[in-house]
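Take a look at the letters that make up each chain.
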Amino acid sequence: MRAPFAAVATSVLLVACAKDALQPTWSGPPLPPLVLHDVLAEFEALAKAPPPPPDSTQREVRDLADIALRLVEADARLFARAESALLAHAHAPLGLEPALKHKEPGVRARAAWLCARTGQAILQLPLLLALKDERDPDTVVWLAGALLDLGNDAGAAWLTAAIDDARTAERAGALAIEALRVRKVELPDAPTWDQLRTELRRLTNAWRTTGAPSLPNAPEPDPEELERRLAAHLITPAGWQLRPVDEARFVLRNLGRRGVPMMARMVLDQGHHPRTMPLEELANLGQSASSAADAVLPLLGDTASCADAIRTLGEIGAPAHAPYLRPFLDDPQSELRTAAAMALGKLRDAPSRARIQKLLRDAGETRDVRVAAAFGLCCFGDDAEAAAYLAERAQKRDYDESVLALLRERLATHRQ
Amino acid sequence: MNLASRLGLVAAVLGGMGSLLLVLAGDAPGTARTTPTVRWESAAQCQQCHQDVYDEWFGSHHQISFTNPEVRQTSDDFRKQECLDCHLPRPLVVTGFGKRTLPRRTHFDEGVSCISCHLGPNGTILGRTSRPDAPCKPVADTVFLSVDACASCHNQHGTTDQWRESHYAAQGTDCASCHMPAIDRKRADGSVRPGRKHAFAGSHDKATLQKAGRFMVARDGEDLVLSLQNVTAGHHFPTEERHRAVDMVYRFVLPSGPGEWTRAYRFRNPYRDEPTPINPDNAVGENTQLPAQATKSVRVPIPADATAVEARLWYRLTPFVLDDDPRSTLLDEQRVELR
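So the protein sequences, as listed, match chains R and L. Under the numbering used here, think of the first position of the first sequence as 2, with each following residue one higher. Under the numbering used here, think of the first position of the second sequence as 2, with each following residue one higher.
Treat the hints as calculated values from the structure; they're not laboratory data. Careful, some of the hints might be misleading.
[Said to hold, decoys possible] Derived SDA-like pairs (lysine to any residue); straight-line CA-CA distance at most 20 Å:
#1 R:Lys133 to L:Pro278
#2 L:Lys100 to R:Lys133
#3 L:Lys100 to R:Ala239
#4 R:Lys397 to L:Pro278
#5 L:Lys81 to R:Ala406
#6 L:Lys212 to L:Lys81
#7 L:Lys81 to R:Asn285
#8 L:Lys81 to R:Arg244
#9 R:Lys133 to L:Arg80
#10 L:Lys81 to R:Asp401
#11 L:Lys81 to R:Pro245
#12 L:Lys81 to R:Trp241
#13 L:Lys81 to R:Asp134
#14 R:Lys104 to L:Asp149
#15 R:Lys104 to L:Arg129
#16 L:Lys100 to R:Lys102
#17 L:Lys81 to R:Leu130
#18 R:Lys102 to L:Thr277
#19 R:Lys133 to L:Asp78
#20 L:Lys81 to R:Pro106
#21 L:Lys81 to R:Arg254
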């Protein structure tokens, strides 16, 4: 009699193990087919620079820029004429872009100001690149102001920081007032620093949410040139170099929704690295990248990109796609359960809430998943249990402090 | 067969079907992709049987690759998101050995762990020999030992390409030969098996650095000649990030006492936008790292009244630190009498 019972026990154990490891049948809607292809080659072709203008035009623009940037001596009349000729010139970027890297901060600052006055919205991209590495506080202010003038509200965050710096507060304040008034923001005749900070933060938050310029009649970048420059940034993950990818990320992250269509194309590249970088940057853009949701969805069926696709769908706010994400709460990979708990929390997906709570309470679950579940629950609103779990991690220091700090920061942004 | 036996048989069949289902589980998202019932995700799982290997790895620069304060500073607390790919990588098998990695968002304290290299296709564990009797059932494969495995991260800074151009590649002396030296490991029954050390000694290990270069200081007529030969590094010395530097410095001893320390030469790959050359005689942007087996000599005129010269070879984790900074390591020190 004992042997058969042992067989029963073994078999039950086998079934139990299999049940643990096997996942529920895919309960979400069928995924759209994943068709990866060589987007990189397409973008490499797009990124090729157009033929330069004739030498005479290049010389003309450079000469005008040298005078307008005060790199050469000129009387006031010549200076004024050169400046207006440069600003009206279709090839003005040829003279101004190199000046954004000039060794003299004063020249860089003036170049930023002139970029804004050209009204050429395409110059947002080189202005952002310059802002990334600029160390001169005054030049940072001019770059941020120029971005705002060209309809890129990412500049508001840098102006806010500059207001808090005694070295730049006055200039930043003046540029902020100008930028806010042109946006029809009602300000008193003598606004306080707090009023300026508040309004600039409002611009920043709106930019993060919509990625659309708040500037009335904001200039539009030339579509072909925008496509070319974005393609040049999006092909950078193809090699081994870090810096160009880092630069591309910075531009894409601060360009609002203008970069979204090209990123949505690149996420279907056959190379895992070229498609992951835009996927991560769409996530960093948040709601302003929501138009990319349908492009991202098929990547849930891709082993290499799945976790990032889950995260991205959560961050950009794609509640219609929540049913596709729910099964991942039970995936055998903790990486995917972690991503799903956060994403569904960010989407405030009510049908998932109980399951996420179960993940938090499961003492046998990995700490990563439980922390993610706590974060997800906190995204729904006040959740004392989840908040206490996160607080306990911070107090016991048994989870990476920088990750916890980042989660707190993200929660604060999410609640705004 | 009685009822109990029949029940047992039915249950065994059902159990078998469960296992079969497990094996047949496909690649559909949200479903199990692998056959093993245990999913290997953390070094802590490996620790249970491989405590000695775990102890070597714990505290290594692979283990602390995400938590290391030096990395945090350089990566701006990983705001430079590209750094995450290698400092918190997903298992190499996900993206392919030799191809760039992608970052994970779990097990932050494990940096580059056992799982990074030993996880195989379908959730198996890769080992040097197949051991179906072991809990992790390792499957014999050498891909995790290959240079490609290291290249996924270490070619980010060109190190494995440098190795491929050296004679070490032709000889078959690979990364593991130096960075994971062979050691004997004891089995539970007391017998010994060959293994590899998992401390990954490299640029943070003085002994490894000292073996890499031979520093020579000699008088040649009226000149002092300082030389460095890359004798054992199978790649440039220094290699990896652009902020790694090796300095040859000297000072003459005069009747009035020792003079100032002067740098004779710096070996380093400059940053892309570095405005000045690494050494006065180099071009802007010129990489002065010392290739495998190469020698670089610098001549310095000896002052007429010098009685001796002292020379030092420094390794610096970043070029901006002075000798008394813990990020500077004194590799060699020599004194040559000139009178």
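Going straight from one Cα to the other, do lysine 81 of chain L and arginine 244 of chain R come out at no more than 20 Å? 9 Å, holds
Pair hint outcome, lysine 100 of chain L versus lysine 102 of chain R [Cα-Cα no greater than 20 Å]: The hint is violated at about 34 Å.
Would you mind confirming whether the straight-line C-alpha gap from lysine 133 of chain R to proline 278 of chain L stays at or under 20 Å? 24 Å, violated
For lysine 81 of chain L and tryptophan 241 of chain R, compute the direct alpha-carbon distance and say whether it is at most 20 Å. Status holds; Cα separation ~15 Å.
Hinted pair lysine 81 of chain L and aspartate 134 of chain R, Cα distance within 20 Å: Holds: lysine 81 of chain L and aspartate 134 of chain R sit about 13 Å apart, inside 20 Å.
Checking one constraint from the list: CA of lysine 212 of chain L to CA of lysine 81 of chain L, max 20 Å. Satisfied? Roughly 33 Å separates the two Cα atoms, so the pair is violated.
With the threshold set at 20 Å, check whether the alpha-carbon distance from lysine 397 of chain R to proline 278 of chain L stays at or below it. 49 Å, violated
CA of lysine 102 of chain R to CA of threonine 277 of chain L, is that 20 Å or under? 16 Å, holds
Verify the proposed pairing of lysine 81 of chain L with alanine 406 of chain R, using a straight-line Cα cut of 20 Å. Holds, at about 17 Å.
With the threshold set at 20 Å, check whether the alpha-carbon distance from lysine 81 of chain L to arginine 254 of chain R stays at or below it. 12 Å, holds
Under the criterion that the straight-line Cα-Cα distance not exceed 20 Å, is the pair lysine 133 of chain R, arginine 80 of chain L satisfied? Given pair lysine 133 of chain R, arginine 80 of chain L holds - Cα atoms ~12 Å apart, limit 20 Å.
Between lysine 133 of chain R and aspartate 78 of chain L, is the straight-line Cα distance small enough, at 20 Å or below? 16 Å, holds
In this structure, the hints that do not hold are numbers 1, 2, 4, 6, 14, 15, 16, 20, in rising order.
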